[in-house]
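*Asks:* The chain contents come next:
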Amino acid sequence: MIYSVDPFREYRIWRRYAYRFLPSWASALLLMLNNIAINMTLSLSYYAKANHLPTEFSFGTGMALCLIFCAGQIMLFEGFHHARQILVPIAIVNTFLAIGYLANQPVTLFNLFPLFTSLLYILILNSKNHRRYTSMLRVKRRRKIRASKPFA
Amino acid sequence: MRSGVPDAHTTTRQRLTSLLDLPKLYRTIDADPAIVGAGVVHIDSAYQVTVLREFVPLCSIKPKRVILREVAGPAMTADQYAELAASSPRESQLWREASGIAASCGGAVIGYIVAKSGIAAMPFSAGASLALSYAAYSAATASALQCVNSSWRVSNELTHPAKNDYYDSLSWYQAMTVALDGISLVGAGTTTFATVKSVMAIKRATGRNSTDILRLMSRQERAKLTTEVLRLQNPRHPREMIRLKQLAGQLPKRYSNLQLRLGILTQIKDQIGATLAVGGSIYSGNINHIVIGLYEEFSEYDL
Chain X
246 MIYSVDPFRE YRIWRRYAYR FLPSWASALL LMLNNIAINM TLSLSYYAKA
296 NHLPTEFSFG TGMALCLIFC AGQIMLFEGF HHARQILVPI AIVNTFLAIG
346 YLANQPVTLF NLFPLFTSLL YILILNSKNH RRYTSMLRVK RRRKIRASKP
396 FA
Chain V
98 MRSGVPDAHT TTRQRLTSLL DLPKLYRTID ADPAIVGAGV VHIDSAYQVT
148 VLREFVPLCS IKPKRVILRE VAGPAMTADQ YAELAASSPR ESQLWREASG
198 IAASCGGAVI GYIVAKSGIA AMPFSAGASL ALSYAAYSAA TASALQCVNS
248 SWRVSNELTH PAKNDYYDSL SWYQAMTVAL DGISLVGAGT TTFATVKSVM
298 AIKRATGRNS TDILRLMSRQ ERAKLTTEVL RLQNPRHPRE MIRLKQLAGQ
348 LPKRYSNLQL RLGILTQIKD QIGATLAVGG SIYSGNINHI VIGLYEEFSE
398 YDL
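Residue numbers (my numbering), protein chains in the order written: chain X, 246 to 397; chain V, 98 to 400.
If you're looking for bench data, these hints aren't it; they were derived computationally from the structure. Built from N, CA and C at the ideal position, the CB exists for glycine as well. Keep in mind that the hints are not guaranteed to be accurate.
What the hints assert, rightly or not - Mimicking DSS-like on lysine-lysine, the simulated pairs with C-alpha atoms at most 27 Å apart in a straight line are: (1) V:K321 <-> X:K394; (2) X:K385 <-> X:K373; (3) V:K260 <-> X:K394.
Stated by the list, open to error - Here chain V is said to cover these stretches of chain X; the calculated rule only asks that three of the stretch's residues, wherever they fall, bring their Cβ under 8 Å from a Cβ of chain V: (4) 280-286; (5) 318-332; (6) 340-352; (7) 370-379.
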């Protein structure tokens, strides 16, 4: 076993990254989780009722959305290029759900909340800070893959 | 051997019979002349009511009942509970659900951070950091699902509180909640295991008390601890081989104080996430308090 990782250096890198990227990343995560939850309460249960489906349908759909979102989040953390192609459609689905619900319901602050949160999520996902963070993770992953390959 | 009685009819009563010494409880009630013959009612945390004993009009004509109530939230005083039981037909669970959000969403964020920075704990976790990361990812995903569930319950509490009660009565929902708690707790368990291992290694190498492990160590103590950690990391290697690798510079001779402190700080960070997971489980009902109340009707209000 070759001892090649300096934990203190790793920790300092981690702390620097945390100060820089944690606010945008954590707020994006929490926004999306809360967005899915409120869509489960409002629009998904409304559609379930409108289509004479049991309320469990809305719960199951919400949980499935959350699972797909978590998969995208883990992919993003591991530096996969396709993570964005999972996270953005989830945000778009949530936006459409919120818009569809607002078309048939009174425009109250509570009903507007999922629309705001999903749009804000897309904004944060496209912010310079978040893009920088994901691009760093991608570079890290590429370097790891390159280092594990034998010399040609 | 199965009795032939459907499980759903017997499980609640069986659980209560195993939890409580019912004959002793009845004897204690009947020993008090003020409540002799009082009915005994059990209400579990999902508002499922089980009448354990009917009221017999011995102490008074008006019914008296001893209420055994499981409370999933924090413990409260007798006066607080009496006030609550007298005033509200259906307790508002908004604050309880909101605290559930804080615990599970905080746990999700910390869980992802721990999963990502699990490599930082490498010297102490004896090469288990990678496995720890996978467990942490699963625990973080479970916490994220719990976060969505808690947020959904809060918005239900604001709009349709009855929906929460309906879902609490569904068996698959209860099973799912327990499963999510279990996965979170497994993550907390692996973290705790790594922490205990680190503390034991430090105690064995330095002979210090558990409260003293954060103090800076001398060169000799650090060298001894490094040898101990390397022995734990390489259980199949003989001591001489480890020594040779140390001399060759492939393994460290001694960790610096900063490295040791970093390891301990990472463990503390993990433990905060683990505490949140356990706290969430307590709130969701795997660990419950029980409150005993006495219900009695009065013809006139007198102090």
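*Asks:* Decide, hint by hint, whether the structure agrees.
*Replies:* Each hint tested on the structure:
1. V:K321 <-> X:K394: violated (37 Å)
2. X:K385 <-> X:K373: holds (18 Å)
3. V:K260 <-> X:K394: violated (55 Å)
4. 280-286: holds (count 5)
5. 318-332: Three-residue rule met by the stretch 318-332 of chain X, so holds; n is 3.
6. 340-352: violated (count 0)
7. 370-379: Check failed, 0 qualifying residues.
Hints 1, 3, 6 and 7 from the list above are not met by this structure, while the remaining hints are.
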